[in-house]
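Here the working numbering is used: position 51 in the sequence shown is 36, and no number is missing along the way.
Simulated from the structure, these hints should not be mistaken for laboratory data. A couple of the hints might just be wrong.
[Stated by the list, open to error] Label-pair restraints from in silico Cβ distances:
| # | residue 1 | residue 2 | range |
| --- | --- | --- | --- |
| 1 | M62 | H28 | 32 to 40 Å |
| 2 | P35 | A6 | 33 to 41 Å |
| 3 | L27 | G52 | 27 to 35 Å |
| 4 | R4 | Q32 | 21 to 29 Å |
| 5 | V26 | A59 | 36 to 44 Å |
| 6 | M62 | E14 | 18 to 26 Å |
| 7 | Q32 | L7 | 31 to 39 Å |
| 8 | R72 | P35 | 15 to 23 Å |
| 9 | C22 | M62 | 17 to 25 Å |
| 10 | P35 | F68 | 18 to 26 Å |
| 11 | L12 | A75 | 28 to 36 Å |
Idealized CB from N, CA, C, for every residue including glycine.
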Amino acid sequence: MPTKPSKTDRTGRPDQADRIALTEDELREITGFAADCAARVLHLFEQSLPADPRPREAIEAARAFAGGGRRTQALRMSGFAAFRAAREPAATGRR
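The task is simple: from the sequences and hints, build the whole structure.
What follows is the structure, encoded as structure tokens:
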């Protein structure tokens, strides 16, 4: 039987039905893995922008959560800040 295409909202992004339910332990494990991956390439960012602490702070916050810390707004905000840092022209080599 063919599957139905995913529903999308008006922006074309998948709707809630496409989300994967994770336990908090699973989320901690994935977060720890992502932090370890990011830490391995952090030096590349810091070569270009050594004074920008946002990616390092996000990795530290993610590792704290992975180690049993609480999910907080500060955790989310540090992740968003690191994402913004990576997209800024100085980090991407664009002017």
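**Message:** If you test the structure against every hint from before, which numbers come out violated?
**Reply:** The structure conflicts with hints 1, 3, 4 and 5, although it agrees with all the remaining ones.
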